[in-house]
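Protein sequence lines, in the order shown, are assigned to chains A and B.
Heads up: the first sequence is residues 0 to 421, going by numbering that gives the first Met the number 0.
Heads up: the second sequence is residues 0 to 313, going by numbering that gives the first Met the number 0.
Since the hints were made in silico from the structure, they are not lab data.
Hints may be right or wrong, so weigh each one.
Quick list of simulated restraints, FRET-style, between CB atoms [claimed, not checked]:
(1) A:38 to B:109: 49 to 59 Å
(2) A:296 to B:105: 21 to 31 Å
(3) B:163 to A:8: 27 to 37 Å
(4) B:296 to A:17: 28 to 38 Å
(5) B:105 to A:361: 48 to 58 Å
(6) B:163 to A:341: 31 to 41 Å
(7) A:366 to B:113: 34 to 44 Å
Heads up, the beta-carbon is just placed ideally off N, CA and C, and yes, glycines get one too.
Okay, here's what each chain looks like letter by letter:
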Amino acid sequence: MLKTFLIGLKDVRLAFRDRAALIFMLAAPFVLTLGLGLVTGRFSGNGGSGLSDIPVVIVNLDDGQIGQALVDTFQSADLADLVEPTLGSDPEAARRFIDEDKAAAAIIIPAGFTRSIIPQQSDYTATGSAPEAVQIEVYANPQRPTSAGVIKAIVDEFLSRVEEGRLGGEVSILQMLASGRITAQQAEAAGTAMGQRLQDQPASDTLAIQINSSTQGDEAVQFDALAYIAPGMALMFLMYTVSYGGRSILAERSQGTLPRLLVSPTSSAQILGGKVFGIFLTGVAQMLILIVASSLIFQLKWGDSLGVLILVLAAVFAATGWGMLITATARTTAQVANTGSAVMLIFGALGGSFISLEQMPLPVQMISKITPNAWALDGFTTLGLGGTLIDLVQPIAALLIMGTVLFAVSVVLFGKKDLAQK
Amino acid sequence: MTHILEVKDLVKHYGDFQAVKGVSFGIAEGEIFSLLGPNGAGKTTTISMLSTLYTPTSGDATIDGHSVTKAPMAVRGVIGVVPQDLALYEDLTARENLVFWGQMYGLSGKALAARVDEVLSQIGLTDKAGNRVKTYSGGMKRRVNIGVGLLHKPKLLFMDEPTVGIDPQSRRAILDTVKDLNKQGMTVLYTTHYMEEAEELSDRVGIIDHGELIAIGTQKELTRQVGESETLVLHVGENDDSEALASALGGVAGVIKAEATDHEVSVICPEAEDVLAGVVTKANERGIKIRSIDIREPNLEAVFLHLTGRALRD
Ligand SMILES: Nc1ncnc2c1ncn2[C@@H]1O[C@H](COP(=O)(O)OP(=O)(O)OP(=O)(O)O)[C@@H](O)[C@H]1O
Ligand SMILES: [Mg+2]
């Protein structure tokens, strides 16, 4: 156990002393994140979320100004790149549309929505109090969690603005009514004016930069372009690290250190275990460095720390499994390097590092499930949108199962190899 | 005398190729034993089996009472191995290498730190211990490679051609280190294809060729096999036919054997002075100009030549 640990530590040290490895492990993902961040405008202040043209169905049954203001928000020029709204009239049809995976989410604005927020003269004369609040429904597509999350975040943002206005507005209107300073007609006019203000400035100035959602407690959770790009890049180059680690197993054989280990009182299981542990540790160190660096330098919020840590461990575990499989099936270090680079790029593309998975055809989405990248990226997106460990059960379970299966296969394959022979 | 190493009929086949064909010998505690043989003789293969790296095709060996095939782990704790090819982490410093390998031999804490310092001074690298191995000269790397094998003070040390390809100074230092270690009580199995090294270091020598141990004994015992003969080495011109000269010299009175190698003809005879005149005459008859002549006392080179008809070095 101790020797396994020591061999692993030695490998981490070696990896971080290898300039070429450092370039791929740390510099490349960092620079690419920076570059893609610039392209998507994350740093110029008017960027998107890395996602675009999210299809959304809006069913507006409200006849007041606020319902219309929400529709206008989605149809505004500021959100034109991000969302692609379609108007519908039947809530049931809209939900079916989502069930058939034809859009990311449906927004159903119920009848009387505006009324429930801005009481009108008739309501007060009839009951003397404001009508009951009615809820907007966001019917999300579970196949497209990221996009649905974005839609939900926009709606939440809109609602929180309405809420602010309502609290301020309603209180003052009621106070004025009570004190007899204004008439009921004037109150209605004031309420209408408030609705008008919302309509005139549809929350657009901040929405385009970042989508604030105030659903997770008081702290505003951001989802910005980098929250997608940075983990995508980190995960892609994690695949480099695991194949680099796999290569080091064969390199130790040809440089004579593996035979030397084998003639020391150290068992082959300890040695192989140490090598695997070294790959795992290096991968975890790489991911954590990238995460810490991007939080400090880009102010990127990765989300719940415990969730991030556990997800990193699970993702590196699965990736290490792939590294072992690549190594176990290769004969030379060059083969590992070549296969490793190919796998890195294919998994990067399949796993959504370049193009959001949701924009890929369904078969590709299915195949992407064999990559640690897709699962982990799903997890990181969930965390970026304010999720916690509990929301990560599915990706983490998938990553752990993937890693376990790959390890089992690799051990069988390694067993057939004679580690001692050059 | 008790044998710390006992080798019985060790055989190793690589596919159809027989690299080691039934080698048996023993090494007494406190001895330096050399396996002397040309490239490809099977030295490394033999050491690899004795150090439990390769499984013998057949046969066995016991080290300090443990069988290399049945109790490899026990054997590994007793032996130190200095492989022929460097086996170090070039991106680690000498000290880091020694610390890591010490840990692999179960050392830790203060004992490890102290032992690493000791070994560093023994191999003369205390000053450079903090530099990465990749910045070292070939000789320095060789010394670290040896140092790794000494960390756990093995009872039996295998050294596989530890001086190949280095400068004379480092070579001297290494040979002195081996003698020192032996004085401190370490038993050494040393392989080489340099006759001089075997002669200088060993208590006993085994001569190995084509996977077979063709002679074994002290230097005296071995040279006696070629009789009290001397060797006359004739250096001839590049264009001269040394083969033809050798066969002609075979007929000269008093010559036991004459062998040609590149631009050299070795003549084995009981007394060099007696055959000198005849040899020179024969060369003149054939129009071959002898550039220089060395007279060598009986040595392991002569033994090898005598036994195989070939020179040790090609
Ligand atoms: N793994 C292997 N597979 C096939 N043949 C091998 C292998 N290792 C060694 N040989 C062959 O076995 C023979 C003995 O090799 P070995 O390395 O034991 O010789 P050696 O005496 O150590 O030579 P050198 O002085 O060159 O180190 C050589 O002919 C070599 O080519
Ligand atoms: Mg050899």
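**Asked** Does the Cβ distance between residue 296 of chain A and residue 105 of chain B fall inside 21 to 31 Å?
**Response** The hint (21 to 31 Å, Cβ to Cβ) is violated, given that residue 296 of chain A and residue 105 of chain B are roughly 44 Å apart.
**Request:** Mind checking the hinted window 27 to 37 Å against the Cβ distance between residue 163 of chain B and residue 8 of chain A?
**Result:** holds (32 Å)
**Request:** Please test the hint of 49 to 59 Å on the beta carbon pair from residue 38 of chain A and residue 109 of chain B.
**Result:** Roughly 56 Å apart at Cβ, these two residues keep to the hinted range, so it holds.
**Item:** CB-CB spacing for residue 361 of chain A and residue 105 of chain B relative to the 48 to 58 Å hint
**Value:** Since the Cβ atoms of residue 105 of chain B and residue 361 of chain A sit about 56 Å apart, the hinted range of 48 to 58 Å holds.
**Prompt:** Does the Cβ-Cβ separation between residue 296 of chain B and residue 17 of chain A fall within 28 to 38 Å?
**Reply:** Since the Cβ atoms of residue 296 of chain B and residue 17 of chain A sit about 53 Å apart, the hinted range of 28 to 38 Å is violated.
**Asked** If you check the beta carbons of residue 163 of chain B and residue 341 of chain A, does the distance land in 31 to 41 Å?
**Response** The hinted range 31 to 41 Å holds for residue 163 of chain B and residue 341 of chain A, with Cβ atoms some 39 Å apart.
**Prompt:** Do the beta carbons of residue 366 of chain A and residue 113 of chain B sit within 34 to 44 Å of each other?
**Reply:** violated (57 Å)
Of the numbered hints listed earlier, those contradicted by the structure are 2, 4 and 7.
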